[in-house]
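S.K.: If you want the building blocks of each chain, they are given just below.
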Amino acid sequence: MVIDPKDVVPFLTWLLPALGSWLLVVMGVCVVVTAFGWLVAAMRHGPIRAFSITSHVFRNAWGDLVRMSPQRIWALARLAIHESIRRRVVVVFGVFIVVLLFAGWFLDPGSVDPARLYLDFVLTATSYLVLLLALFLSSLSLPTDLKNRTMYTVVTKPVRASEIVLGRIVGFMAVGTMLLVVMGAISYVFVERGLAHTHQLSADDLQPVEGSTPGQPATLQGKTSLVHQHRHKVIVTPSGQTSVETEQGHIHALTILKDGDKVSYKLGPAEGMLVARVPVYGKLTFRDRKGQLAAKGVNVGDEWTYRSFIEGGTLAACVWTFEGITPKQFPNGLPVEMNIEVFRTYKGEITKGVPGSLSVRNPSKPDNKPVEVRIFESKEFVPNSQHIPTQFQMPNGKRADLFRDFVDNGRIELWLQCVAPQQYFGAAQADLYLRAQNASFAWNFAKGYFGIWLQMLLIVVLGVLFSTFLSGPVAMLATLGALLGGFFNDFMYRLATGQTYGGGPFESLIRLWTQQNQTSPMEPGLQTTTAKALDQVAEYFLLGMSTILPDFSHFSFADYVACGFNISSDTLLTFTCRALAFALPVFLAAYFCLKNREIGK
Amino acid sequence: MGSRRSFVRKIVYLVLIAALLMPLYWLSKPATSAVKGEQGSPGGVLAQLRSKDHLSQTQLGQIDPGSVTIKLATLGLRGVAANILWEKANDFKMKKDWANFGATLNQITKVQPNFINVWSNQAWNLSYNISVEFDDFRQRYRWVIKGIEFLMDGMRYNQHQPRLQWDTGWFISHKIGKADEAKQFRKLFREDDDFNGSRPLAERDNWLVGKKWFEETVAMVERGDHILGKGPLLFRSDGPMCQMSYADNLEKDGTFGEVAKNAWAGAGREWQRYGTAEIPTSWKNEDTQTPVVIRLGEQEMHEEAARKLIKQIDAMEPGLREKLKAEKRAALSKAQREALDTPPEKRTGRQQELAFQAEAEVDVTHREVARRLSDKTRKAEALKLAKEAADHEQLASYISRYRDIVNYAYWRQRAQIEQSDGLLAARQIIHRGDQAYAEGDLINARKNYQRGFEGWRKVLDRYPSLVADESANESLTDSIKQYRRVLGQLDEPMPDKFILQDVVDAHLKSQGEEPKKKQEELPDAAK
Numbered sequence: 001m002v003i004d005p006k007d008v009v010p011f012l013t014w015l016l017p018a019l020g021s022w023l024l025v026v027m028g029v030c031v032v033v034t035a036f037g038w039l040v041a042a043m044r045h046g047p048i049r050a051f052s053i054t055s056h057v058f059r060n061a062w063g064d065l066v067r068m069s070p071q072r073i074w075a076l077a078r079l080a081i082h083e084s085i086r087r088r089v090v091v092v093f094g095v096f097i098v099v100l101l102f103a104g105w106f107l108d109p110g111s112v113d114p115a116r117l118y119l120d121f122v123l124t125a126t127s128y129l130v131l132l133l134a135l136f137l138s139s140l141s142l143p144t145d146l147k148n149r150t151m152y153t154v155v156t157k158p159v160r161a162s163e164i165v166l167g168r169i170v171g172f173m174a175v176g177t178m179l180l181v182v183m184g185a186i187s188y189v190f191v192e193r194g195l196a197h198t199h200q201l202s203a204d205d206l207q208p209v210e211g212s213t214p215g216q217p218a219t220l221q222g223k224t225s226l227v228h229q230h231r232h233k234v235i236v237t238p239s240g241q242t243s244v245e246t247e248q249g250h251i252h253a254l255t256i257l258k259d260g261d262k263v264s265y266k267l268g269p270a271e272g273m274l275v276a277r278v279p280v281y282g283k284l285t286f287r288d289r290k291g292q293l294a295a296k297g298v299n300v301g302d303e304w305t306y307r308s309f310i311e312g313g314t315l316a317a318c319v320w321t322f323e324g325i326t327p328k329q330f331p332n333g334l335p336v337e338m339n340i341e342v343f344r345t346y347k348g349e350i351t352k353g354v355p356g357s358l359s360v361r362n363p364s365k366p367d368n369k370p371v372e373v374r375i376f377e378s379k380e381f382v383p384n385s386q387h388i389p390t391q392f393q394m395p396n397g398k399r400a401d402l403f404r405d406f407v408d409n410g411r412i413e414l415w416l417q418c419v420a421p422q423q424y425f426g427a428a429q430a431d432l433y434l435r436a437q438n439a440s441f442a443w444n445f446a447k448g449y450f451g452i453w454l455q456m457l458l459i460v461v462l463g464v465l466f467s468t469f470l471s472g473p474v475a476m477l478a479t480l481g482a483l484l485g486g487f488f489n490d491f492m493y494r495l496a497t498g499q500t501y502g503g504g505p506f507e508s509l510i511r512l513w514t515q516q517n518q519t520s521p522m523e524p525g526l527q528t529t530t531a532k533a534l535d536q537v538a539e540y541f542l543l544g545m546s547t548i549l550p551d552f553s554h555f556s557f558a559d560y561v562a563c564g565f566n567i568s569s570d571t572l573l574t575f576t577c578r579a580l581a582f583a584l585p586v587f588l589a590a591y592f593c594l595k596n597r598e599i600g601k
Numbered sequence: 001m002g003s004r005r006s007f008v009r010k011i012v013y014l015v016l017i018a019a020l021l022m023p024l025y026w027l028s029k030p031a032t033s034a035v036k037g038e039q040g041s042p043g044g045v046l047a048q049l050r051s052k053d054h055l056s057q058t059q060l061g062q063i064d065p066g067s068v069t070i071k072l073a074t075l076g077l078r079g080v081a082a083n084i085l086w087e088k089a090n091d092f093k094m095k096k097d098w099a100n101f102g103a104t105l106n107q108i109t110k111v112q113p114n115f116i117n118v119w120s121n122q123a124w125n126l127s128y129n130i131s132v133e134f135d136d137f138r139q140r141y142r143w144v145i146k147g148i149e150f151l152m153d154g155m156r157y158n159q160h161q162p163r164l165q166w167d168t169g170w171f172i173s174h175k176i177g178k179a180d181e182a183k184q185f186r187k188l189f190r191e192d193d194d195f196n197g198s199r200p201l202a203e204r205d206n207w208l209v210g211k212k213w214f215e216e217t218v219a220m221v222e223r224g225d226h227i228l229g230k231g232p233l234l235f236r237s238d239g240p241m242c243q244m245s246y247a248d249n250l251e252k253d254g255t256f257g258e259v260a261k262n263a264w265a266g267a268g269r270e271w272q273r274y275g276t277a278e279i280p281t282s283w284k285n286e287d288t289q290t291p292v293v294i295r296l297g298e299q300e301m302h303e304e305a306a307r308k309l310i311k312q313i314d315a316m317e318p319g320l321r322e323k324l325k326a327e328k329r330a331a332l333s334k335a336q337r338e339a340l341d342t343p344p345e346k347r348t349g350r351q352q353e354l355a356f357q358a359e360a361e362v363d364v365t366h367r368e369v370a371r372r373l374s375d376k377t378r379k380a381e382a383l384k385l386a387k388e389a390a391d392h393e394q395l396a397s398y399i400s401r402y403r404d405i406v407n408y409a410y411w412r413q414r415a416q417i418e419q420s421d422g423l424l425a426a427r428q429i430i431h432r433g434d435q436a437y438a439e440g441d442l443i444n445a446r447k448n449y450q451r452g453f454e455g456w457r458k459v460l461d462r463y464p465s466l467v468a469d470e471s472a473n474e475s476l477t478d479s480i481k482q483y484r485r486v487l488g489q490l491d492e493p494m495p496d497k498f499i500l501q502d503v504v505d506a507h508l509k510s511q512g513e514e515p516k517k518k519q520e521e522l523p524d525a526a527k
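Chains E and R supply the protein sequences, listed in that same order. Read in the numbering used here, the first sequence has 496 at position 496, and its numbers run on one by one without any break. Read in the numbering used here, the second sequence has 399 at position 399, and its numbers run on one by one without any break.
Rather than coming from a laboratory, the hints here were simulated on the basis of the structure. One or more hints might be untrue.
Using 27 Å as the maximum straight-line C-alpha spacing, the simulated BS3-like pairs for lysine-lysine come out as follows [said to hold, decoys possible]:
1. R:387 / R:376
2. R:458 / R:261
3. R:458 / E:233
4. R:96 / E:296
Could you put the whole structure together from the sequences, leaning on the hints where they help?
M.R.: Spelled out as structure tokens, the structure:
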């Protein structure tokens, strides 16, 4: 799973600077809007009267916002709920059920990570359906009411414009929430049942390992029955210890049943498929082959530069610095989990992984050499678990205590090195973490749905905003545009800042039309000059849009749930605040837009 | 007035609609099959074209509701959807997200189940490109198998595309049998119950299984299916070559005796059968303008037939051919004659050119001999014989050129030599030497190597062409290097008169080096 280090920031660390920036932006916008309002009023009524009008508007707004009545909001929300039901919200639910019914045609239980596929699928399907529903409901509701004049029956009552806007938002969110809860529950059952399986293992499936002495108790090995297109390798020692090899990211508990001389085996349900690991991330730095600090490791020619590589048999290392490590949190030592990549420059021993080492160092003693604690064999694309004990013997023969000798104020350094010369290990910041514990998967699943809820909130507020001053279809298109812009926010930003191949939109259009590749320079001339000039204008627009619109893809926690990582409370709080920080100004804008219309006065 | 005009307009519309329905009916009428004696209908133009070109889904392969649903759900934007999915697949591949990569490939095949390149290219991607991304050879093997299973899925949707069967044969034989980790892959393949199903253990050799797929491909082509991008010469050789590789790998794995002998005998038989297959060539018959068809095994037959015919022509007037040749030689320029008389290795560049021209000029065709016969009554007969002889020679020449492409003569001889008890025994003894060396038993290793080399000497004396044949004695060269290491560890020098010095020299020559006097200088890749 790819995790942006920026997403792994404690909430409080993020909050203060983010709050400062937000206040600054909101105040800036307020000043600009006020100035604009005053200007318009001044042009119509003169500058002095404009002051009075502007202050009157603000006084009214303040009153409308402060004196909102929860009862009236709820009444309007109920109206929105009834209206949504009238608009056949249940159709969306029906579509969802149909999608789930036929999902089996497209989901491959024999995939390398079926849990990921199933979870990705339910979360994505739910997200698309709910967001589309939110888009239709929120953008079409007000314009339809205005067109049918049903709005007049509302505004003749003593309700405020702010209550109308908030009532709609609350109503649509309530409908969406109910739908999400039901969809979430059904999805959970779908995933659980879709992935649930066990295997059969009989005594005939197990054979003594090679080299066993005939007549002596031997270690047995074999394979389970084929279910969901996989089998597990099983080893049973003479003492009755069992081991089941991990397949498709899960194992099964193996129980040996003895009935007299007859031995039978029973495998339990799949374990480890639906998990929510709670990782503790460290900060990654690199050391080059001479042991000097480096900005990053070596590029081994991968197109994707997410991971950086270190050379084996040298002093090159990936160093993670962890903070807040306490004996209370890790009483049995540090449970390290890694997802490192291997790059071989020569074949080496085909049947074995590349050897690597894990060492620890006290960050407050930079002159000390890291002490090697574990030597391991590399594994790729599956989590490699290593345990660093609290007590261990150092190479000089002395006993070491992890927390006494290597942890300083909760800080410890973990050094990853490749032992084999001329072979390479690749890693990114999130590729090595301490697996503190497992959180509840069901709760993590719910948090994944909360991410969709936040996305829905953003769509609803945008839809309501556009519907206050645009006609139904136009409001819908505007909301759809905002939704797409939000999902392609990152692309828009890269396009606006010249980080994509092929130039801006106009240059790309010419390249597309003339079938030129993306990298060769354009022929100089009027056409190119014009395209580049237009691109500059477009880039300003795109930059503005990418700054204003929230990055919807960031609000999706599907990857966390699907890859089995707990969505931390820090992440959850951060994104909730982000969504609210966006929703609040949009709500205010919607209020002013509605207020500005004849109907809202 | 207004309502009347409106009525007329509606009638005109109805007539136009009805008129348009006629060609639509002519084009799109569905085909019906015969039921209870009632004759079926071939359907409209489109139905007939579909049937003729095997384009209907039932004729192409399995109808998959999932695929049909997706095709309909894309609302005619199937191409766009496929493009987006290919892009996504590339992105997942770049980011090494294998779970999503696999899922996206499945989606692409649902959108374009009858686009062969999807199956062919993406199966290659899985077996060749993705598999090598994994460090663990067991995982690599799984991805190779995933690619093969992907091809097999493709066959269900495309029953008349031998390309998929051919690819399957190639992946099973070559990807598993020629990879760096071939030894491990072949073992895993043998133990793979899930892939092999009920296939008996003795038949679970990747080369044998690959051969079956190649044979299936040939059978499909013979039934009338077309395979794109494969010439019949090479694609028909794949099956027999698999049998050769099977026999070769049996010995590498340490299986000798009757099993290996039978495997080579089988290889010889299959190569012989390959020699009897009709292969259309790129040459065209002058009279019929159809491709000339040859059989690789018939070169000697044509040469013999030509020889007999020439003998008959020459017997009609003995000495005539020589006379004609002398006449032609006399007509050459002095420089040309000098060039011809100079031994080829001593000719200058100019002389080579002149000699080449001269040789063409002094060449006496059978037709020329027939035309110059003194006995005019036999001229017609002689001309007929001359034409037949020339035709046979021409065919023999075509066959010879095609044989060179697949190294036909070499493999025929190899299959024969490898069956000899002497070579089998020599290989077995050297294999024992390899095992002894691996176990650290240097004395036995040396003994076995020396005995094995003696056995090889006898074989090479009988078949001297093998001395310089790298592919046949590749393992022998390796064993000589191993033997040198054994002697080195025993602190013994290489013998001055090494029994296989000619093999060493030939090996050095093939590496672009001068043959050395002493064996110590044999290049060692491991050095």
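S.K.: Straight-line Cα separation of residue 458 of chain R and residue 233 of chain E no greater than 27 Å?
M.R.: 49 Å, violated
S.K.: Within 27 Å, alpha carbon to alpha carbon, are residue 458 of chain R and residue 261 of chain R?
M.R.: 18 Å, holds
S.K.: Measure nothing beyond the straight line between the CA atoms of residue 96 of chain R and residue 296 of chain E; if it is 27 Å or shorter, mark the hint as holding.
M.R.: 20 Å, holds
S.K.: For a C-alpha distance cap of 27 Å, please report whether residue 387 of chain R and residue 376 of chain R respect it.
M.R.: OK: residue 387 of chain R and residue 376 of chain R at ~17 Å, within 27 Å.
Violated hints amount to a single one, hint 3; each of the other numbered hints is respected by the structure.
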